[in-house]
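Visitor: Here are the chains, one letter per residue:
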Amino acid sequence: MPDEKSPFLKYLREDRLPTIFCPGCGIGTIINSFLKGVNEAELDFDNLALVSGIGCSSRIPGYIQSDSLHTTHGRAISFATGLKVSNSDLDVVVFTGDGDAASIGGNHLIHAARRNINLTVICINNNIYGMTGGQISPTSPKGSFGSTAPYGTTDNPFNLAELVATAGASYSARWTTLKIHHVVRSIKDALKNPGFSFVEVISQCPTYFGRKNKLRSPVDMISYMKNNTVFKAQVPSLSRKELEGKIIVGEFANTKKPEFVENIKELSKSKSDSEPIQNSAYLEEF
Amino acid sequence: MVKELFIQGNEACAEGALKAGCRFFAGYPITPSTEVAETLAIKLPAYKGSFVQMEDEIGAAGAIIGGSWGGSKSMTATSGPGFSLMQENIGYAFMSETPIVIVDVQRGSPSTGQPTMVGQGDMMQARWGSHGDYEPIALSPSSVQEFFDFTVEAFNLAEKFRTPVFVMADEIVGHMREKIIIPDKIDIVPRKMPESQKDFLPFKNNGINPMPSFGEGFDIHVTGLTHDERGYPDANNPKTHDTLVRRLSSKILDNKKDIVSTQKDFCEEADIVVVSYGAPFRSALNAVNIARDDGLKVGSFKLNTPWPFPEAEIREISKNASHIIVVEMNLGQIYWEVERVACSNSKTHLIGKIGGEIPKPNEILAEIKKVGGN
Amino acid sequence: MINIDEDLCKGCHLCVFICYKNVYAVSLKPNKKGVLLPYPKFEKECTKCGDCELMCPDQAIDVDIETHWWVKEKDSKFNPNFNNKKES
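Going down the list, the sequences are from chains Z, W and S.
Using the numbering used here, the first residue of the first sequence is number 1, and each one after it goes up by one.
Using the numbering used here, the first residue of the second sequence is number 1, and each one after it goes up by one.
Using the numbering used here, the first residue of the third sequence is number 1, and each one after it goes up by one.
Everything labelled a hint here was simulated from the structure, so no lab data went into it.
Just to be clear, a hint being listed does not mean it is correct.
[To be verified] Straight-line alpha carbon distances no greater than 20 Å define the calculated DMTMM-like cross-link-like pairs of lysine to aspartate or glutamate that follow:
# : chain 1 : residue 1 : chain 2 : residue 2
1 : Z       : Lys5      : S       : Asp7
2 : W       : Lys19     : Z       : Glu275
3 : W       : Lys347    : W       : Glu269
4 : W       : Lys160    : Z       : Glu284
5 : W       : Lys48     : Z       : Glu284
6 : W       : Lys204    : Z       : Glu275
[To be verified] For the chain Z half of the interface with chain S, some residues (derived, Cβ under 8 Å), not all of them:
# : residue
7 : Ser6
8 : Pro18
9 : Pro23
Beta carbons: idealized from backbone N, C-alpha and C, even for Gly.
Please model the entire structure based on the sequences and the hints provided.
Guide: Given below as structure tokens:
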């Protein structure tokens with residue numbers, strides 16, 4: 001007889017549940033798909049290092065039973081860079097949100113993609129700043145409402161998955177929380193890809209985005225997402241007008257490129273006939 | 001084998017870092033600290049370490065904190081503007097008790113100021129730069145040899161107390177060339193891995209805790225939020241916050257005896273004491289020697305560790321001295337600390353030289369003679 | 001058998017929306033937390049696809065499927081990958 005509790009609870013810090021996330025928030029779904037992705041990629045949970053910045057999405061590492069670093073706003077990718085270079089055996093995963101990754105941390109995001117450092121970045125894009133109370137974010141669709149855009153935003157949003165692919169990432173994909181099996185497969189591919197991997201998941205924030213934009217319940221939000229999703233392969237056959245306000249999902253990059261930490265290792269090997277030593281801080285002599 | 005070298009201060013800093021076990025450096029180019037990064041970029045691969053040039057100083061500070069949790073002694077080097085950018089992550093390092101070393105080769109400030117000229121305007125930024133209550137450790141070298149020694153000491157203090165340590169050098173010490181002696185054996189403090197994973201509390205309310213690295217199965221959660229002994233956020237609990245922040249302060253203040261370092265020359269009977277740190281100490285000691293030749297009762301007091309501030313030592317000095325002259329390259333930062341401690345016993349005077357030049361011995365001598373009544 | 005953890009469920013009803021067999025219904029009375037709990041009214045329709053379990057943001061649903069992904073050994077024991085633990 002299998003356990004009567006959800007299978008995902010085994011991977012979580014159960015003493016911290018229930019989570020702080022609002023009812024119907026997509027972040028919980030992404031926790032599940034991440035855990036399933038790790039399992040399908042056959043990674044060791046003790047070898048995972050989860051890094052995050054500030055925001056709702058960045059609370060994920062605090063709930064998963066593994067080493068986790070909850071850092072300053074927007075800087076998660078820079079902390080992760082240090083962690084990965086210092087100990088390249090770790091599977092470093094960054095959980096970040098749209099504000100965290102694209103606004104305050106935009107520079108770190110594109111530079112990590114440029115370096116093609118072996119990190120997996122899971123960006124939970126809910127198009128709004130949830131933790132601070134519903135301000136508009138760099139990915140809020142044009143015309144959407146937020147507490148700092150009471151008359152609707154006039155800014156153009158970022159297309160994160162395309163941006164990161166253009167900046168040089170070797171894997172980049174976008175899905176929605178509803179395309180849950182795609183998310184799982186994408187996370188699995190991202191974890192296995194030896195290079196910078198970016199998975200953007202469009203998620204629902206019924207509490208703020210929904211309330212400000214007349215999509216009050218989680219089900220309203222998710223059915224809106226369902227009706228407005230277009231696969232990347234369909235795009236060429238659609239007119240610009242048909243594509244307006246649509247969420248384009250699919251893989252935007254999936255290539256092989258030289259990886260940053262491997263290059264550092266090669267350099268170290270050529271100068272000292274050994275890879276960088278790990279856990280060197282614990283050595284008594286050098 | 002003892003090595004004798006004739007090198008620049010910034011190069012000596014890099015040598016010191018390598019000797020102390022630094023195997024991860026992340027930085028961003030900024031005058032006048034670039035030679036530290038350049039030297040380490042050449043040498044780290046041969047020492048089985050890693051060098052990363054980050055996209056900005058904020059990223060550099062983040063990367064060394066990540067590097068430290070990855071199990072390497074980590075360092076960055078910068079100057080005033082970069083130090084300003086790093087402040088948020090410095091606060092994070094204090095809160096998460098991450099040992100890192102930040103070298104600040106100070107230049108003329110505020111803002112972009114005088115990139116190639118000397119200044120000591122970052123002293124209070126090292127003390128209060130990040131928001132909140134914390135107790136920093138800062139070392140100020142006044143010669144190339146000291147830049148080497150203090151960098152080693154900075155790593156040792158960082159590991160010993162699980163805290164960020166600043167090396168507050170200045171452009172003169174950074175760019176000056178002098179002979180230095182690198183001893184054969186250098187005492188270094190290795191990090192301690194906790195013994196057992198069972199019931200391990202990484203942030204136990206009991207002084208300084210051993211620090212595990214990531215990937216060892218400790219399932220540690222590191223956060224900048226107010227956290228309990230397990231490391232889990234508990235930000236709405238006044239008691240957790242009070243206990244945590246008081247412990248972080250007291251782990252430095254209770255160990256002041258082990259941290260504070262000063263250099264006293266002729267202070268025992270001195271009526272006038274010249275207090276200095278960093279490059280101006282060179283002029284100060286020179287002026288004191290000349291004044292003593294003239295028969296004045298003058299002493300020199302040097303702060304090797306401006307932070308934590310050596311209050312007890314300054315108070316002791318002030319009991320005998322009727323005048324204390326503080327020499328620094330700003331308009332009064334450490335001066336006010338000296339004034340705070342010594343004002344009930346001695347009169348304090350400031351020689352605050354800005355503009356990118358070191359205070360010259362004759363300027364200090366003139367002040368000594370003025371307050372000495374000659 | 002479908003099991004819903006009453007302590008964890010926050011009542012978002014995404015399971016009701018996502019189930020393609022319409023297994024779930026929503027209870028009319030709120031529980032002690034004020035949550036209108038879903039319950040598997042038409043459980044015999046369930047094909048054990050596990051989508052509701054994967055979708056549930058609060059890890060409140062368990063659908064017991066012996067062939068599902070987390071079951072690696074024949075005794076249906078759940079095996080998380082934790083290898084580095086020195087003691088367990």
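Visitor: So, for every hint listed, does it hold in this structure?
Guide: Quick rundown of the hints versus the structure:
1. Lys5(Z) x Asp7(S): 11 Å, holds
2. Lys19(W) x Glu275(Z): 19 Å, holds
3. Lys347(W) x Glu269(W): 17 Å, holds
4. Lys160(W) x Glu284(Z): 13 Å, holds
5. Lys48(W) x Glu284(Z): 16 Å, holds
6. Lys204(W) x Glu275(Z): 35 Å, violated
7. Ser6: Cβ of Ser6(Z) sits 4 Å from chain S, so the hint holds.
8. Pro18: Since chain S brings a Cβ to about 5 Å from Pro18(Z), closer than 8 Å, the hint holds.
9. Pro23: Where the cut-off is 8 Å and the nearest Cβ of chain S is about 4 Å from Pro23(Z), the hint holds.
Comparing the model with each numbered hint stated earlier shows that hint 6 is the single one that does not hold.
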